[in-house]
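2 protein chains.
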Amino acid sequence: MKFSPLVDDLIQSLRCLPGVGPKSAQRMAFQLLERERKAGQKLASALASAMSDVGHCTACRTFTEETHCPICASSRRGHSDLICVVETPADVLAIEAGGHFSGRYFVLLGHLSPLDGVGPDELGLSLLAQHLAGGEVSELILATNPTVEGDATAHYIADMAKKHNIKVSRIAHGVPVGGELEYVDSTTLALSFNGRLPI
Amino acid sequence: MKFSPLVDDLIQSLRCLPGVGPKSAQRMAFQLLERERKAGQKLASALASAMSDVGHCTACRTFTEETHCPICASSRRGHSDLICVVETPADVLAIEAGGHFSGRYFVLLGHLSPLDGVGPDELGLSLLAQHLAGGEVSELILATNPTVEGDATAHYIADMAKKHNIKVSRIAHGVPVGGELEYVDSTTLALSFNGRLPI
Ligand SMILES: [Zn+2]
Ligand SMILES: [Zn+2]
Chain A
1 MKFSPLVDDL IQSLRCLPGV GPKSAQRMAF QLLERERKAG QKLASALASA MSDVGHCTAC
61 RTFTEETHCP ICASSRRGHS DLICVVETPA DVLAIEAGGH FSGRYFVLLG HLSPLDGVGP
121 DELGLSLLAQ HLAGGEVSEL ILATNPTVEG DATAHYIADM AKKHNIKVSR IAHGVPVGGE
181 LEYVDSTTLA LSFNGRLPI
Chain B
1 MKFSPLVDDL IQSLRCLPGV GPKSAQRMAF QLLERERKAG QKLASALASA MSDVGHCTAC
61 RTFTEETHCP ICASSRRGHS DLICVVETPA DVLAIEAGGH FSGRYFVLLG HLSPLDGVGP
121 DELGLSLLAQ HLAGGEVSEL ILATNPTVEG DATAHYIADM AKKHNIKVSR IAHGVPVGGE
181 LEYVDSTTLA LSFNGRLPI
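These protein sequence lines are chains A and B, in that order. Residue numbering for the first sequence follows UniProt numbering, starting at 1 and increasing by one per position. Residue numbering for the second sequence follows UniProt numbering, starting at 1 and increasing by one per position.
The shape of chain A in the complex, shown without the other chains (with noise of 0.2 Å):
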């Protein structure tokens, strides 16, 4: 016996978030019972459209309610000849905020990791073939992770364009700029010494 029915669920259902542990569920909880109660209803009604509504692109993967995301269905990127292959949808917005890139995405909602069962299907990556296959993609950009899976995933990724004898890029790792050296870890400094550029 903790509290009612009702209110012991609602704490239960609030840990499926990531990061909420049983204090911060409880804590989430009371606020929404004592004050946000129109915020809470509405956050029930979002989470239920989207939770039944929203699936992927049909042309880049990311999650859309709709056939193609927003992106892809613009006139003026939804065809552009470069894509930008990307881990995650979070990947997407961050570089959509950075505001430099104008070409479309291709997001492989994970990257490759044998052990988990995730295969080239997981990742969509006939999809991927298809957009190579077609013609359109004069270069691929690879963004995924700078991580042992990411890189083995861009490596696979790597060989299928040049299948289609389509240019293939990494992006660059090194010291972001305005890090401060001495904070870098090692891993970072050795790409940044790899992928130096004369100047």
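Calculated directly from the structure, the hints in this document are not laboratory data. Treat the hints with caution; some may be incorrect.
Said to hold, decoys possible - Simulated restraints on C-beta separations:
{"id": "1", "chain 1": "A", "residue 1": "A94", "chain 2": "B", "residue 2": "T187", "range": "42 to 50 Å"}
{"id": "2", "chain 1": "B", "residue 1": "K163", "chain 2": "A", "residue 2": "R15", "range": "38 to 46 Å"}
{"id": "3", "chain 1": "B", "residue 1": "S186", "chain 2": "A", "residue 2": "R15", "range": "30 to 38 Å"}
{"id": "4", "chain 1": "A", "residue 1": "R15", "chain 2": "B", "residue 2": "P5", "range": "25 to 33 Å"}
C-beta atoms are modelled at their ideal positions from N, C-alpha and C, and glycine is treated no differently.
Go by the hints and put chain B with the ligands onto chain A.
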């Protein structure tokens, strides 16, 4: 243009949760969409039910969808002559976790804070007065927080209890068991000196 409307709406709605900024809202939305659809649906319906059906216990004011919360409804504790006054339902849970108190509670859902428009009415003190006048209460234990507002609230309620000739006490504040003196803040330390007991 960020994502499609349902996804944007989900991310925005998650911001009503305490401690959830734009980045964590995104992370939550993507995790739910990627691999927690069932849990997300369950959260949506738990939220909808709780927001619309949970009210307050008519005896102690804690959150419940019933007339009485489980403690007030229990035959063993519901008419206890000991009432512990706390600020929030979370305080009830903390005391219950200790397992040493077997009386009932009165939950203020706040503390006196005239500047925020929180007076005796907002804290349900007329309901508490009814309990005190009912002749069933032998002692009122004040467990409001050791803050300026919590103390003021405790004093106000202590005066009410005295008018009804009911014994009133305040829980002790001091150095936590297992705590190290040097890490305890000076206010707590002062309280622990004021509350010293002969051995
Ligand atoms: Zn798309
Ligand atoms: Zn109650």
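Comparing the hints with the structure gives:
no.: 1; hint: A:A94 to B:T187: 42 to 50 Å; result: holds (44 Å)
no.: 2; hint: B:K163 to A:R15: 38 to 46 Å; result: holds (45 Å)
no.: 3; hint: B:S186 to A:R15: 30 to 38 Å; result: holds (37 Å)
no.: 4; hint: A:R15 to B:P5: 25 to 33 Å; result: holds (28 Å)
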